[in-house]
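Enquirer: If you're matching them up, the sequences are chains A and B in order. Heads up, this note's numbering is the position in the first sequence plus 10, with the first residue counted as 1. Heads up, this note's numbering is the position in the second sequence plus 11, with the first residue counted as 1.
Derived from the structure by calculation, the hints contain no laboratory data. As the structure is a computational prediction, the values presented were derived from the model and not from experiment. Think of the CB as a built atom: it goes at the ideal place given N, C-alpha and C, for glycine as much as any other residue. Some hints here could point you the wrong way.
Here are the computed lysine to any residue pairs in the SDA-like style, where the Cα-Cα straight-line distance is at most 20 Å [said to hold, decoys possible]: (1) A:Lys107 - B:Lys200; (2) A:Lys112 - B:Gly16; (3) B:Lys247 - A:Gly249; (4) A:Lys112 - B:Arg19; (5) A:Lys112 - B:Arg281; (6) B:Lys285 - A:Gln190; (7) B:Lys285 - A:Met118; (8) B:Lys200 - A:Leu24; (9) B:Lys247 - A:Gly248; (10) A:Lys19 - B:Met122; (11) B:Lys285 - A:Pro221; (12) B:Lys285 - A:Phe114; (13) A:Lys19 - B:Glu186; (14) B:Lys145 - A:Lys112.
Footprint (simulated), chain A over chain B, 3 or more residues, beta carbon under 8 Å [claimed, not checked]: (15) 61-73; (16) 83-94; (17) 128-137; (18) 159-165; (19) 203-212; (20) 258-269.
This is what each chain is made of:
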Amino acid sequence: MRRTVFPHKVLPWLLLAPQLAITLIFFYWPAAQAFRQSVLKEDPFGLSSTFVGLANFRKVLSDPNYLNALQVTVVFSLLVAFGALAIALFLAVQAEKIIRGKGFYRTMMIWPYAVAPAIAGMLWLFMFNPSFGTLAWPLRQLGIQWNPLLDGGDAMALVVAAATWKQISYNFLFFVAGLQAIPKSLLEAAAIDGASRRHAFWTVVFPLLAPTTFFLLVVNTVYALFDTFGIIHAVTGGGPGKATETLVYKVYNDGFVNLIMGDSAAQSVILMVIVIALTAFQFRFIERRVHYA
Amino acid sequence: MAARGLARTMAHFWMILGVIIVAFPIYYVFIASTHSVQTILRPPLPLLPGPEAVANYTEAFTGGVGRIGGVSLWLLLGNTTIIALGIAIGKIVISMASAYAIVFFRFPFRMACFWLIFITLMLPVEVRIQPTYKVMVDLGLIDTYAGLILPLIASATATLLFRQFFMTIPDELLEAARVDGAGPWRFFKDILWPLSLTNVAAIFVIQFIYGWTQYLWPLLVTNSNEMNTIVIALKKMISFADADTPWNLVMVTSVLAILPPILVVVLMQRWFVKGLVETEK
């Protein structure tokens, strides 16, 4: 606890005012509105609304389209989070073995961090575009049917690849930092005991990396759930059919394109609950990390 | 633990493969931006730069992009720069001010204010799209720079970071400054700010990238093409069904949408990596 502070009483409020004003106007007020609308039903002209309790939620949760979006989101998020974590961990472990050129590799690895998700999606669509994509071309030569603009599975593969690609940099930097923090003496001890490198990795390194991995798992899940909206919107528009329609894309589509307010608000509230759960989970691990440090 | 011989050669092999996968899409779009539309549309694309670089870039900058996107490339780059800088600087200013108030003053509801800011972490734009849009309409902020910047400058993470950092400043430093008659502004300007520079640089890079790569928010609050960011404009330029899309100009625009944030990250790598890994864990 700080003993010395400035005695001013008004100044701190002035310093806090801009941030508090923005959070109240653009965060708390709209969030409260989302809660309010989620239990109301508006008449078609938007003139009056009646309290309907949880009816909007029941409707949303029994809507096959919503359940489809939920399933798409779960599949998409799992593939992206595990793919990006596995590739980044593998590369970080390789980078640890290298002495000369480490800095060069790191510089080359961080580029995708700076690329907007929507652009990452477009880059992958350029390469795998069925009509002129350079990497779709060999697929066609081999007789493989490939058309992400028409086939749902292909579209999913494309957005997963783009989303994973973009997240590798971020995970790589954290895994490299995590690996560097592991005491070398532990690995030497394992080697003296005759453990093979592979055995030492799974029994010594991987468990010690667990805090980093759990942290990244949450961050990657949040990324896959929310930040990938741009990829879906720019590349597939949720299609073909509804094969790549994620929860966030559906909220946007229902609230903005189809203008179904009650449903959209109920969907927002469900998403809010998901974020709150994930954030709470994340901070439990941060508390734990402190003891490792 | 550094490996020997074969293991190290294999490690280089995997890293080179990794770098190729990571860098290839960016290299590919750069190469495509130096070829004519005809070459781009006839796969496979050559792996080396083509002869049309000067022609493509000149056309893109002198009105070519304006014909397909409605707005010149200069305006798109200008808009995106204003938004990215506005968000990065705005976040740093208001979160430093908040953290300063919370750490160096005592007043009622101090921790309540801190939690109020902290909980915004759990309320990303995506979960309150529609009502936030309504607020923007009511305040007349659609199609304005203020509308694009202001709602995005509240920052729980930056406030948290500055608070943590300010709490490590020894009491004696503040005592000494007060004995010498320094008020809050002098203390901040002469002591705290110089000590915070590394953190400020790290947050600047992370938030500049955040601002540059925004998608959902600009999509919601802009209707007019004049207010487009380069990312949104790029999306509007592309039609995969339409044979008339001038792909050479699309590729040039992609390169210019990617290049500035990559330069910022690569040139400020030292602060960026430190800031990212140390602040977000």
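Enquirer: Report the numbers of all earlier hints that the structure fails to satisfy, in ascending order.
Expert: The structure breaks hints 1, 14, 15, 16 and 19; every other hint is satisfied.
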